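There are 2 protein chains.
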Amino acid sequence: MRFDTSLLAIDWGTTNRRIYRIEQGAVTQTERDDRGVTAMAQTGYAEEIAAIRARFGDLPVLMAGMVGSTIGWQVAPYVPAPAGLDEIAQGLAWIDARTAIVPGVSLVDGRRADVMRGEEVQLLGACAAGMAPGDALLAQPGTHCKWVEMRGGRIADFVTAMTGELFAMLRKQSILAPQLGAPVADGPAFREGVEDGKRADLAASLFGVRAAKLMGVRDDADAAAYVSGLLIGADVAARLAQSDHAEVQLLADPVLGSLYAIAIEANGRAARLVDSHAAFLAGIVQLGKLIA
Amino acid sequence: MRFDTSLLAIDWGTTNRRIYRIEQGAVTQTERDDRGVTAMAQTGYAEEIAAIRARFGDLPVLMAGMVGSTIGWQVAPYVPAPAGLDEIAQGLAWIDARTAIVPGVSLVDGRRADVMRGEEVQLLGACAAGMAPGDALLAQPGTHCKWVEMRGGRIADFVTAMTGELFAMLRKQSILAPQLGAPVADGPAFREGVEDGKRADLAASLFGVRAAKLMGVRDDADAAAYVSGLLIGADVAARLAQSDHAEVQLLADPVLGSLYAIAIEANGRAARLVDSHAAFLAGIVQLGKLIA
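Keeping their order, the protein sequence lines are chains C and Y. The end of the first sequence is residue 277 by this note's numbering, with every number in the run present. The end of the second sequence is residue 277 by this note's numbering, with every number in the run present.
Any given hint could be a false lead.
The list makes no distinction among identical chains, and a pair is therefore deemed to hold if it is satisfied within one copy or across any two copies.
[Unchecked claim] No more than 20 Å apart at the CA atoms, straight line, and that leaves these computed lysine to any residue pairs for SDA-like:
{"hint": "1", "residue 1": "Lys183", "residue 2": "His230"}
{"hint": "2", "residue 1": "Lys183", "residue 2": "Gln227"}
{"hint": "3", "residue 1": "Lys183", "residue 2": "Ile37"}
{"hint": "4", "residue 1": "Lys183", "residue 2": "Arg96"}
{"hint": "5", "residue 1": "Lys274", "residue 2": "Ala121"}
{"hint": "6", "residue 1": "Lys183", "residue 2": "Ala78"}
{"hint": "7", "residue 1": "Lys198", "residue 2": "Pro168"}
{"hint": "8", "residue 1": "Lys198", "residue 2": "Val60"}
{"hint": "9", "residue 1": "Lys183", "residue 2": "Ala226"}
These are calculated hints, taken from the structure and not from any lab test. Please read all numbers here as calculations on a predicted model, not as lab measurements.
Work the whole structure out from these sequences, hints included.
Here it is, written out as structure tokens:
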């Protein structure tokens, strides 16, 4: 038994987990559940892996994500950027000869620091499989949106923006919370937010949402879409000001991905959606081959 | 009995309240408590005012702040900017012939709206009493920081930034919360935050606080000061980019005022602290004279 194009891959995040059985490079079984690392006991992982092998087959196991963090099973120390599949393979944290955890990637540039853990597999997989160019700007929208400069198929530089987390906080506990209950969708309010986001003046634009309600300028039904547009627009504008790529490769679910695509186009660039699950699988299979 | 330079003034906010007895323009008794409008029953105000007159003297009463909002006693509709003491006096909401609520000020400039309620008394008082120039940029730092362009002693234009609220939210519920427990004080970390705030890229700078910890770039003891500097610095930089006043007049308590002063100076302008309590009293006394 050795690593190869047949293995079990686990995308093991904070709150969710997805298990894939991959045989000859193709997924033959998959399962998604809520047994993320916060639902696990630190001492329960070996037993859990045995149970997974019993269900999915007695194959080598590659895990990625928060399972390799301080709140996971075993710390897989960050590999410094620039990093490609080779450096990631060399940085694997081995539990035993057929069970390993993929390391995250870190960046320190003067006083600026950044980290990723889990996203690296998608990024490197997308480039390795030709789903995205090897020299490109990739974005992974979400709670903590990653913007990654790939060069020669390697992670060269990146920035994380806590765009999704700010939106969730505003919706949950700010003075604006009672106005932000409506679902977010594209439309005039979202696009007005994207335009205002270019001004990069969040603290003032956000208070304007309350004043717009009090003065009858904007309906509350539109407030959530406007604020989402504002935050995504500010994120996109800040990143594109630092990049001259004509196109952004979006690793995202279709809903959030299409909102980012609208904001990217409103800032004069093109956006292309890349299947993030397929990219993850491509990355894990490449890693399996490298350590075969 | 008529309004004059002798009256009871109540600065009646959301959570706190301050009562002043003013005789011949001077404070002869004052009291501060936590009976803000959220602690009051909507039907209890008349009785409360009777009790205040019993304690402080049977004088005319002028109230300012959230007592005139939809969550207060009676709505005192916003007076549109530009607005001076005359317009505010004309906009008073009268409960009876010797009891009135000061209106807030609103602004609608195309799709941009803003409001203030309570701050107008300080602003107009500071200029009327010569504590600040009549043509000046005034700032009132706090949960919702007001930046006000005064022209000829009148409120000409203003912007509100929810700078203090964003800081409180981040400290209470964000992924950064465990790092932000230390008190905020001036020092290298605060000033580094002010510099980074000039980049106006909050969502990314904030995630950098977490990464800086993980990569050992910044100690957690400094994280709260850095984030405060970041938010105040972004607020100050955005506002000064829209203004060419060489000096900002700060209506603030000394602690928060001095942090804003540092950020203003780091952006190449001068800052001057103005006593906000004295400004409130000057404004209320001027209003009392106008309706005498």
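Verification of the hints:
1. Lys183 - His230: Within one copy, since 18 Å is at most 20 Å while 25 Å is not.
2. Lys183 - Gln227: both (14 Å within a copy, 15 Å between copies)
3. Lys183 - Ile37: neither (47 Å within a copy, 50 Å between copies)
4. Lys183 - Arg96: between (25 Å within a copy, 15 Å between copies)
5. Lys274 - Ala121: neither (24 Å within a copy, 68 Å between copies)
6. Lys183 - Ala78: The answer is neither: 42 Å in one copy and 40 Å across copies each exceed 20 Å.
7. Lys198 - Pro168: within (17 Å within a copy, 35 Å between copies)
8. Lys198 - Val60: between (48 Å within a copy, 16 Å between copies)
9. Lys183 - Ala226: both (10 Å within a copy, 15 Å between copies)
Hints 3, 5, 6, counting from the list given before, are not met by this structure.
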